[in-house]
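Throw the hints in and build the complete structure from the sequences for me.
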Amino acid sequence: MNRQNLFEDWQNLGSRQVAVNGVELQVTEHGEGPLVVFCHGFPELGFAWRHQVFALAEAGFRTLTPDMRGYGGSFRPDRIEDYGIMAVCGDLIGLLDDVDADDAIFVGHDWGASVVWRLALEYPERVRAVAGLSVPATPRPPAPPLRILRSRLTDDFYMCWFQEPGVADAVLAADVRRTLLQDDVISARRMVSQSGADMPTPPWLSDAELNYYIDTFSKTGFTGGLNYYRNLDRDWELSAHLDGKAIDQPSLFIAGARDPVIQFTRTDRLPAILTDLRASIILEDAGHWIQQERPNEVNDALVTFLRDIYSADTN
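Residues 1 to 315 (this note's numbering) make up the sequence shown, in order.
Check before you lean on any hint, since a few could be wrong.
[What the hints assert, rightly or not] Straight-line alpha carbon distances no greater than 16 Å define the calculated EDC-like cross-link-like pairs of lysine to aspartate or glutamate that follow:
#1 Lys245 x Asp276
#2 Lys245 x Glu122
#3 Lys219 x Asp184
#4 Lys219 x Asp276
[Claimed, not checked] Estimated spans, in silico, between C-beta atoms of each pair:
#5 Arg140 x Gln263: 18 to 26 Å
#6 Asp100 x Gly22: 37 to 45 Å
#7 Ser151 x Val171: 18 to 26 Å
#8 Pro141 x Asp184: 22 to 30 Å
#9 Pro142 x Ser206: 41 to 49 Å
#10 Pro144 x Asp268: 22 to 30 Å
#11 Asp97 x Val167: 35 to 43 Å
Everything labelled a hint here was simulated from the structure, so no lab data went into it. Think of the CB as a built atom: it goes at the ideal place given N, C-alpha and C, for glycine as much as any other residue.
This is the structure in structure tokens:
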């Protein structure tokens, strides 16, 4: 499937609005078979999973792919606290209830990975297995995350800069192309130091695909996604019951070797946190947007993981 056909085929899938947990999510459904739910990160949309949605349908799986709350065609609450990770987890449980599914395999990238790791801990009976891309599962930190980040990486670290309501929102929205094309930048100063017009479209993204992202975020802004970061400490405060807990479901981790996230988070502790880790895959010469940048390798890893789980269920 060439890239132009992929873009058109995604648009032809259509979507529906699903009322869950006090919000409405725009959800794309495709395929038949065991259920897989995709969760995107920042700044992305459900569209970020277009390569995987079609590959998994061909492999015999059904997928649900929402624009997460605060993004795209989904509802954007006004209150910062409405973007806490437990509210987002509640959305995903609501999606399962909407399709009368007892459980599903959840796959997340970036913030979506943080969400599905937490979901596996909070709702183990609803998470058959879990895969995280780019952001590894980590133990609960001993102190509020922002205190640790500021002490180690200063206020110039992008997650710290995102904290003040309205500040990053305006800067990111002023040059949407620049914001969307960031890859390996974790410094706020560097993040805003160039013009999007001077940044080439990466080879793994067509002009039509990039324009789809630009058009959507030009309409919605970035506040919804930024509000996830503004709940970091609150999410930590509400997670004391998870201290020392491990994720026991079958799990998979995939990241790019050039992804800055794995430069400031540890992956060597994964086997202790993920007690049934089936594979930890680091793709050389790949950056943060791994499922779009290296779709064939990500698809192969996901299909292998999924088939292994469901073949075990039938034996």
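Hints and how they fare:
1. Lys245 x Asp276: 14 Å, holds
2. Lys245 x Glu122: 10 Å, holds
3. Lys219 x Asp184: 25 Å, violated
4. Lys219 x Asp276: At roughly 42 Å apart (the allowed maximum being 16 Å), aspartate 276 and lysine 219 break the hint.
5. Arg140 x Gln263: 18 to 26 Å: Cβ of arginine 140 to Cβ of glutamine 263: about 21 Å, so the range 18 to 26 Å holds.
6. Asp100 x Gly22: 37 to 45 Å: Violated: the Cβ-Cβ distance is about 20 Å, outside 37 to 45 Å.
7. Ser151 x Val171: 18 to 26 Å: Because 24 Å falls inside the window, the suggested range holds.
8. Pro141 x Asp184: 22 to 30 Å: Holds: the Cβ-Cβ distance is about 24 Å, inside 22 to 30 Å.
9. Pro142 x Ser206: 41 to 49 Å: 45 Å, holds
10. Pro144 x Asp268: 22 to 30 Å: 24 Å, holds
11. Asp97 x Val167: 35 to 43 Å: 37 Å, holds
The structure fails hints 3, 4 and 6 (numbered hints given earlier, in ascending order).
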